[in-house]
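K.L.:
One-letter residues, chain by chain:
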Amino acid sequence: MRIAIPRSLLFYRYFPFWESFFSALGYDVVVSKPSTKETLDEGVKASVPDVCLPIKVALGHVIELANSADRIFLPRYLSLEPGTYSCPKIIAFTDMAKGTIENLPPILDPVIDLRKRGNSGEKAFFELGKSLGAKGRSIREALEGAKVSQGLFKEELVSEGPIHSLRKRGMLGFSKRGRNMNGVGTGEARKLTVGVLGRPYCLYDSVLSLDLLERLAAQGLSTTTIDCFSYQDVEREAATLPFSLYWLSAREIVGGAYLWLKEKAVDGIIYLIPFQCGPDALLSVLVSGKAREARGIPFMPLVVDEHTGESGIVTRLEAFLDMLKRRK
Amino acid sequence: MKIAFPHMGTLTTSMKSVFTKLDQEFIVPPPISGKTVQLGVKHSPELVCLPFKITLGNMIEALELGADTVVTATSCGNCRLGFYWPAQEIILKELGYKFKMMAINYDNPLGFMAEFKKFGGGKSWLKVFNALLFGVKKQRVLESLEKEAMRIRPLERRRGDTDRILRSAFERVDLASTKKELAHSKEASLSEFQRIEKSPGREPLRVMIVGETYMIVEPNVNFNLMAKLGDLGIHAERSYWLGERILRALRLSPDGRRHHEMAKTYAYPYMRYPELCTGALSIGETIAAKKDGFDGVILVMPFTCMPEVLSQSLMMKVSAEHSIPVLTVILDEHSDDGALLTRLEAFRDLLETKKRRSCATRGYFLKEASNLTMNSLPLSD
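Sequence lines, in order, name chains A and B.
Residue numbering for the first sequence follows the working numbering, starting at 1 and increasing by one per position.
Residue numbering for the second sequence follows the working numbering, starting at 1 and increasing by one per position.
Just to be clear, a hint being listed does not mean it is correct.
Unchecked claim - As a list, the in silico BS3-like pairs of lysine-lysine whose alpha-carbon atoms are at most 30 Å apart: (1) Lys-98(B) / Lys-37(A); (2) Lys-98(A) / Lys-291(B); (3) Lys-98(B) / Lys-328(A); (4) Lys-290(A) / Lys-291(B); (5) Lys-98(B) / Lys-262(A); (6) Lys-290(A) / Lys-317(B); (7) Lys-317(B) / Lys-98(A); (8) Lys-98(B) / Lys-290(A).
As the list claims (entries may be wrong) - Covered stretches of chain B, as calculated for chain A (at least 3 residues, CB under 8 Å): (9) 43-51; (10) 111-120.
If you are wondering where the hints come from, they were derived from the structure by calculation, not from laboratory data.
Even glycine gets a Cβ: it sits at the ideal position worked out from N, Cα and C.
Working from the sequences, and respecting the hints, build out all of it.
P.N.:
Below, the structure is given as structure tokens:
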């Protein structure tokens, strides 16, 4: 049986776990191809106009998989870390896909809620395995293996840099496979370092990021993303703030950006905002306010929507980089 | 300490009474106007929702009038509200205003009371509790009057009677400072409503309003939606009443609770986890409205609203499967009065046609049953 996983949203966070779990149980895992313009167009057709860009792309991925698999895996992650929860659109994505795409194969949608400490979500996967007809012992073994590969992946993200480790595992969402991206995210010593803020499912997807990381690398810049911090560091930083960052992505973005500014680790920050992303509109105010406080580190929000043209992005990037060089 | 708080429909009046009871000096910002919207939009990020922009406008206008503390609501819920105050604080401080921001989290009732204890210079817990209780009572009275106005407006013979009486009723309730006066003002206002001259034999369409609460509640932002519907001959009902919502949170409203649970159950096949995706509730309320015999549903939300976009994406399916017409109204600073009115009129016509047809069909079956002769009626639905 072929289990399909769309290359979108939480794929960039949990794929090693899912793949190892399903392969250990003897299923073929199919992943959709990196996003292209067609993926986006299909997704736009299926969704209401006001939903955010990553969801449109994710719907496109599900449409691509609808005819080629026996099951589609659309987990409902209510929360990824204790004390936080997921963006409502990620929680409801399974429902949206069901409601808007016709002829979907049966959906596997385990509910994983890690809001309480000590809850690991393994029970949900255990029940999922049971419902697929696997034996208790083999599910337990599959879960152990999955946890190990997820742990390795997390370590690798911090030690080797996200681009390198994602590429090694075939998880990068770049259609051109990121030719110019050697050294991106590893913090190699170069003159200027740009911190690129954004959610993993935007940054590592070539349609949603318009190859932002690759473009920066081609300019000879060193880039870093918030994946270079461990979650513990981010959480510690977030706990010092007077307001609660109750969404995980918000916590990572604001916590990570504040850490960069505190450690003076970056010369400038670019914030990749997909159009209609709810939290980003306000988080960019929080980050830009802090950046101005920190001896005026340049900050540029970059909003991307389905009509954004390449030349517009190039012009803005060039202007921003010129400013960084002049300041140095 | 001179505090100011943003407007939110009738809540402004109840908040005034709470702060008066606590002997706290306060400034009510000028009513929301074009200038408020302009100010808010000018200083807000582009993609944020309308409530953020308008409350920011309120704050600027209040600070201009000399407020030194801004009180605003917050919640770690399922929308951006929790990020409103830190962002608004940064924006206002960068504009050069010197003030203190106080965010009141309403997620937990006891914590909520503790927040209010900070006002009025060391009043006892009992005093604070009584002030809040009176505020809730006032809110309930204001909302019951609003509800009555929504019921009577489509029946009035002379347009504007209801609005005139509602305005004076609100003023009367605003002045009430004891329980007795409050009860009296309610009685007097309700009896005035009774005296409004009504057109006989009218059976208005019934429409349920669901969606984002701020947009439902604030008439200056939703282009006075309730009055517009009433003038079009529609009896509008709201799925959200703040007073009712507070009672439900305190477990004092078994009926409200039952209704809430039912709505969650109805929504379940379409969307789950209403505590985390409030959009699910709008779906549930829509289906509940159909079961309660409403003719249509209007989904109101600001542009880029996070939770309600979810319900919007499934509304087509819900509407088709439960055969209930749904009109989605998305408002932002570029919306205008005339465009909204045109859409509401078209929606009314659609509902009327649908109702006429289904009545006709029902009439036909009655005729068959009782074997009477009747004129030919259209059968298609």
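K.L.:
Hints first: check each against the structure and report whether it holds.
P.N.:
Results of checking the hints against the structure:
Restraint check: the Cα-Cα separation between Lys-98(B) and Lys-37(A) comes to about 49 Å, which exceeds 30 Å; the hinted pair is violated. For the suggested pair Lys-98(A) and Lys-291(B), the alpha carbons sit about 24 Å apart, so the restraint of at most 30 Å is met. This hinted pair does not check out: Lys-98(B) and Lys-328(A) have alpha carbons roughly 34 Å apart, beyond 30 Å. Distance check on the hinted pair: Lys-290(A) and Lys-291(B) sit about 51 Å apart at the alpha-carbon level, beyond 30 Å; violated.
The straight-line distance between the Cα atoms of Lys-98(B) and Lys-262(A) is roughly 26 Å, inside the 30 Å bound, and the hint therefore holds. Distance check on the hinted pair: Lys-290(A) and Lys-317(B) sit about 44 Å apart at the alpha-carbon level, beyond 30 Å; violated. Distance hint between Lys-317(B) and Lys-98(A) is fulfilled; the C-alpha atoms sit about 10 Å from each other, no more than 30 Å. For the suggested pair Lys-98(B) and Lys-290(A), the alpha carbons sit about 18 Å apart, so the restraint of at most 30 Å is met.
With a cut-off of 8 Å between beta carbons, the region 43-51 of chain B has 5 residues touching chain A; three or more are needed, and the interface restraint holds. A stretch counts as covered by a chain when three or more of its residues have a beta carbon under 8 Å from one of that chain; for the region 111-120 of chain B and chain A the count is 0, and the coverage is violated.
Of the numbered hints stated above, those contradicted by the structure are hints 1, 3, 4, 6, 10, listed in ascending order.
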